[in-house]
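> Take the given structure of chain A and dock chains B, C, D, E and F to it, following the hints.
Protein chains in written order, with my numbering: chain A, 1 to 287; chain B, 1 to 287; chain C, 1 to 287; chain D, 1 to 287; chain E, 1 to 287; chain F, 1 to 287.
To be clear, the hints were calculated from the coordinates, so they are not data collected in a lab.
Certain hints may be false.
Copies of the same chain look alike in the list, so a pair counts if it works inside one copy or between any two.
With a cut-off of at most 25 Å between alpha-carbon atoms, the simulated SDA-like pairs for lysine to any residue come out as follows [said to hold, decoys possible]:
#	residue 1	residue 2
1	LYS66	GLU55
2	LYS173	VAL195
3	LYS58	ASP32
4	LYS185	VAL243
5	LYS133	MET193
6	LYS284	ASP95
7	LYS212	GLY182
8	LYS59	ASN2
9	LYS59	HIS8
10	LYS124	GLY158
11	LYS66	SER80
12	LYS173	ASP54
13	LYS59	SER74
14	LYS58	VAL75
15	LYS38	LYS178
16	LYS240	THR207
17	LYS66	ASN161
18	LYS234	PRO197
19	LYS58	HIS8
20	LYS59	VAL195
21	LYS234	GLY250
22	LYS186	ASN161
23	LYS58	SER74
24	LYS58	ASN175
25	LYS173	SER34
26	LYS42	ASN226
27	LYS178	SER29
28	LYS66	LYS178
6 protein chains.
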Amino acid sequence: MNESEIIHNALEEDLGASWKDVSVEALGSVGDNSSTSKVIVKEAGIVCGLWLIDEVIKKVMMVCGKGEFSHLFSVECYFSDGEFVEPGSVIAEIDCPVGIILSAERTILNFLQRLSGIATLTKKFVVAVSHTKCKILDTRKTAPGLRCLDKLATKFGGALNHRFGLYDMVMLKDNHIKAMDGNIKKAVEQTRMIVGPTKKIEVETSTFEEVKAAVGSGADMVMLDNMSIELMKKCVAWVKGRVPLEASGGINLENAGKVADTGVDYISVGEITHSPKALDISLKIVS
Amino acid sequence: MNESEIIHNALEEDLGASWKDVSVEALGSVGDNSSTSKVIVKEAGIVCGLWLIDEVIKKVMMVCGKGEFSHLFSVECYFSDGEFVEPGSVIAEIDCPVGIILSAERTILNFLQRLSGIATLTKKFVVAVSHTKCKILDTRKTAPGLRCLDKLATKFGGALNHRFGLYDMVMLKDNHIKAMDGNIKKAVEQTRMIVGPTKKIEVETSTFEEVKAAVGSGADMVMLDNMSIELMKKCVAWVKGRVPLEASGGINLENAGKVADTGVDYISVGEITHSPKALDISLKIVS
Amino acid sequence: MNESEIIHNALEEDLGASWKDVSVEALGSVGDNSSTSKVIVKEAGIVCGLWLIDEVIKKVMMVCGKGEFSHLFSVECYFSDGEFVEPGSVIAEIDCPVGIILSAERTILNFLQRLSGIATLTKKFVVAVSHTKCKILDTRKTAPGLRCLDKLATKFGGALNHRFGLYDMVMLKDNHIKAMDGNIKKAVEQTRMIVGPTKKIEVETSTFEEVKAAVGSGADMVMLDNMSIELMKKCVAWVKGRVPLEASGGINLENAGKVADTGVDYISVGEITHSPKALDISLKIVS
Amino acid sequence: MNESEIIHNALEEDLGASWKDVSVEALGSVGDNSSTSKVIVKEAGIVCGLWLIDEVIKKVMMVCGKGEFSHLFSVECYFSDGEFVEPGSVIAEIDCPVGIILSAERTILNFLQRLSGIATLTKKFVVAVSHTKCKILDTRKTAPGLRCLDKLATKFGGALNHRFGLYDMVMLKDNHIKAMDGNIKKAVEQTRMIVGPTKKIEVETSTFEEVKAAVGSGADMVMLDNMSIELMKKCVAWVKGRVPLEASGGINLENAGKVADTGVDYISVGEITHSPKALDISLKIVS
Amino acid sequence: MNESEIIHNALEEDLGASWKDVSVEALGSVGDNSSTSKVIVKEAGIVCGLWLIDEVIKKVMMVCGKGEFSHLFSVECYFSDGEFVEPGSVIAEIDCPVGIILSAERTILNFLQRLSGIATLTKKFVVAVSHTKCKILDTRKTAPGLRCLDKLATKFGGALNHRFGLYDMVMLKDNHIKAMDGNIKKAVEQTRMIVGPTKKIEVETSTFEEVKAAVGSGADMVMLDNMSIELMKKCVAWVKGRVPLEASGGINLENAGKVADTGVDYISVGEITHSPKALDISLKIVS
Amino acid sequence: MNESEIIHNALEEDLGASWKDVSVEALGSVGDNSSTSKVIVKEAGIVCGLWLIDEVIKKVMMVCGKGEFSHLFSVECYFSDGEFVEPGSVIAEIDCPVGIILSAERTILNFLQRLSGIATLTKKFVVAVSHTKCKILDTRKTAPGLRCLDKLATKFGGALNHRFGLYDMVMLKDNHIKAMDGNIKKAVEQTRMIVGPTKKIEVETSTFEEVKAAVGSGADMVMLDNMSIELMKKCVAWVKGRVPLEASGGINLENAGKVADTGVDYISVGEITHSPKALDISLKIVS
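Chain A on its own, in the form it takes in the complex:
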């Protein structure tokens, strides 16, 4: 699903199979009157999703057969995606037929609040490791159907994207390696022969021996899964930058800095997409 399909589905589940807002229907022709609304962030955070306001409203106008009122529609954003905002900030102003904004309001806010929540939490992790050269990575622990938006939000929060799915990178976990006779080197070589030269291969490890085997196997990246701080340090020292190392498993805002201090290149964090707190944002029709 691309953005356009995600928005379509979000609106369809709100407007129903026949795409109608019965409350707006009650307004009759008054729903076509112009209106001005402000989008207000009520707590400090990183704002994300502003570009979607325009797309949501355009799609509502289209499916509600209000294309002829497009001259009443404009959006002005006062912040950029990824920017920090203080509580009370007006981040956007929307001119729009009143019936349209009433129908679009909840969908716009559902997007903005989730994505800003992700960006805000991501930024906290980025700050927690900013005294090192370690980067934060996201994971595939995203809300089903929202992966491409969730991963845009982590980027606006300052993280880098890990693989998008099972299709664009190989990750050999213990179960994969076990299924290929348990030999890491053989597993990586077999993989390369099958997937060709254009996909990166990462190997998941949990012991020093596995790390040594993985580095020697020709893997492009090695994941240190649920290791102690000491073990990670030992691995970093031995690997000496020959291959990027990713720490993973049980990392939270409290221990992220210490994990970064071990010298790993990347820390991947599931929490930023599976448990973000929605940023408090509201929409107020002011005239």
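Chains B, C, D, E and F in isolation, oriented as in the chain A frame:
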């Protein structure tokens, strides 16, 4: 979107446009071997989403052209959706070709963790008001594209569903009423004439006067929006059960019990769907 | 399906899998010449569907790759949907490339004739009960795939909409109640606990006892199914307006007035959507 | 759209965006109990659409996640599509979980009633011309989105199908010919060069001269549009069977026999698909 | 599938489930800069597909959310589809944001190269029979999913289209006839009764006796399948133009002229769509 | 699009918007009789696509409502995909209702012929370089909409897959690098910062200097575009295996061996997917 489409989309974003898992591809024919996995809940909570395990795996088998291996597939669930589980509980056991479970694992867990997180948080609110006859309602503040599942999860957590979208109930907010000349009674009557007799009409109020007007208007339900405890008590006393009252706005686990003590019939809570913490659940291939 | 999808499907079945009109293809570049057409109603009735002319032609221009000829396209409507027209009335005039109007003609007329036929028949029922305060309701007996349009047409004919589907209102028929132990009160209460407070519950009754039970059960609306005029009068007298009453079953243009005289609030009529006679409308290319 | 998509759309508009029947939901697990229903035709007619019963119910079971109850499901039909039935006939018996039949009932009946209505009306026209060798043809005046089913119904009523859409046969009407300089012979030849040898070309005529020109042009079929009985007779006599003749325009049950007496090969009738009266059919759950 | 859907699918398989070009992403905002590109044909041939350039780029701009850069976009074509071009010819010039043309380039060329390859090969067959009145027909041996474009390309190469699919013409092969008791006349008559008068019926024959039977059966067209030159001549002489004859089977550029010399009306060639050599075309960003 | 959607689209374009085969319709109930067919390869080559036979026929049975005849259906394959076959080999035998195989035949053959043609041509390139350790790679020059199948076929022919699309690997061509100030090292570093660590970055080069810059930039792979044999040798000697080298541009069966002799790791060939000759395969109903 129905469940089947939601699962399809979740798998498509993980498997990509050509539906392939390059890590499983590397396994070759070994991926067709049988395997047994356990789904383990690692923290206390209400489990929700178990019925989706079967559907996700069946769809993966189908899209990966592994239908002929269906004799290797079975799921046994040891708990029911909505049940409380202790940390460490094995909630399900899955027999399945190893390549299939590796491709399906993350999608299964993304569903289970979100839905169980919603059910668990909902249950906390339900418990917080359980000394009264007040019921918890969900809202439309759901993850875009997941409304029907999010609302199933709140139900398994003990809440009742508020409207599903803009199509199945009328909610007249201040902006609707303002647009209809500000007269609540007139607005409700006009609405009834337009939407017919089969849709309920709820009116949002923030003052005692508005509550009185709403009750007198023929509305089917009245929302008390962001009112103080005292004001809510006053409204409850005046309304005397003639119409159901719903408290809304700024209600959290700390104040929910007190709000319920005012005698309102319902409390609606956005947090249970917009900011649930994922329940920690993992899948372990045991053989 | 929303309107846009309904139009898409109607055009696809006419233009085929590859979207081509072989008769227009034969015209070659002449098909791009401008033309003017008149839409003429040939018998008296209520016109409905005028807004679709614009949408059908735009979609044909788009799928036929004729977007660059949009400057040749305009529609002027001389009547509004829901208005009464005399035989011979020109209801719209269309300027359009001649190839486009030839491809769009039948689809436009199929919509206009069905919807105007529904509105016209509906209006006859509305007139038949207009000496009372009784309102006409439509039903779910619509042409498969056309529900949202069919129900718009009944509205333009002066009726109110009954529920749109199985999702936006509860209707407990004898079979539902039987399945819940035959106790109406218990059935309504169990329903309320499951579907929450936002959906209306209607109970179907066929005897005086059932009506009494239904009114006492907390149902929001009661259907009097296939009752005699006398029984309906008795029910109306006993209910005294505590809950809206809907007469249903075997009601036609001849007896509708008498049914309305019983004092019921609503009469629902399947015939207006399952057996409308198409209004005779044609399109004439005049230059 | 094929049959499967038409059924999907019909169910989606009835079950809504999240595919739920709130009345059946109220039944809880009782909805999974077995039941037996009879489908009863209440007036004489030609039955059509019986094969859809099975498909509708299977799709409901699938989308409602009730696949595991398929052992409770069977349909037995006591008549064949196209057969004449007396009032009161039980045409099918359905065993099915009670919740499923309650959700599927209206959709099944909407299909059966429309298609049987079409077949019944078609048969009347077929009978009206049965003393001649003239055949009844349908037209493209079908309900938008239902063409393939409507045209199956006319066949079961004894008619032959005219073209399915604009893609599978050329029809040159006066406007097409005018656009190609008004010369019928030239128009037909130009058309043949463009559409190739595999599509039939029919020419619409309204005067004797046009018929002569059309027959001489190499057209595969000639339509006599809105001609008088006398003119049709003259044309038939002159054409002498060199090319099939189709009478069209303003033909109803009263004059169809006389039109057939002129010796035309085919009569096309829009009424059978644009204005059929639904056959009265009901479904009764008997246990 | 219509053209728009074909383009959508082609872009989706190139841009992936989330519609992203990671190479263009690396450009950052530089990707929005204007650019000019030339489309250059590197070998002599018939160009085909030019109209798709505009559609591909517009769709890329839309799905990549770059609609606001549409003022940077224009296409100028220096040749028409179906025209012969010399090696080195610039056939089109494209102004476009550089990121968009980089994302669209391969898809544009994949279309242009295949369609021009088809048109070029078709033209060779057309030339090979141009000393006769025989016409070249295409077949259903097209690339799956590309039939409507492949058949447009054969037309631009000078061929006529055979049937588009199994739906718009009847072709009775030996297996059909065998299944209908082996009697050609009976088979054609039965077919006519079932499919109605609007579809052409072609009969496949391989012996002189079959040709005689087919011509006498009322078939609209007769295929001479894999016959020798002598046998075809004999058939042509006997048929005397009463029905069009199509030669088919094993016809290549070397023998096409001789087959045409037999006097058959049409020659159908699978090779032009199942084995065209892509025309060498490239795109060069010049500024 | 996954395989299932590709097959659906291929069948839809052949069976049309209403999914009907008018020739099979003419058979009436005879079409449901059993039949046995042989799939015969008529020239030597690598067979590919056998697994699709089953899927195509199952889908035809489903869309034609012939599921109840599934007991008449089975496929036996006598070769495996990727195997070499001699002319005249029977590669599969199909038992199936005769109407179904008649409707499915052309679609099955269109798939088999294209994919086997690709595999056969690929194998020739693989053989041409088999005296070296060089591997053949495919490209994105595939038939629009068929990429995933075309790339499966090259694999069965012995090649490895290059990137699937623009989403799973970065390829920096001269235009990308120019747009990033022309500095290869800077371009690669900027790219890594934006796309994260999980995607490979390949740099296209055409001079020795560019190769040196690319190797020093941290690129994962370097493409030698349209270089002379001598220059490629020089590059191979200098790079000394630090990074994989891919030769590309103007490589055909005649020069592929010599290019491989230069010591490059990979040769990518567009011809194997943009201009394969269909392998001659036919289907014969034998009883």
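> Against which earlier hints does the structure fall short, listed by number upward?
Violated hints: none; all satisfied.
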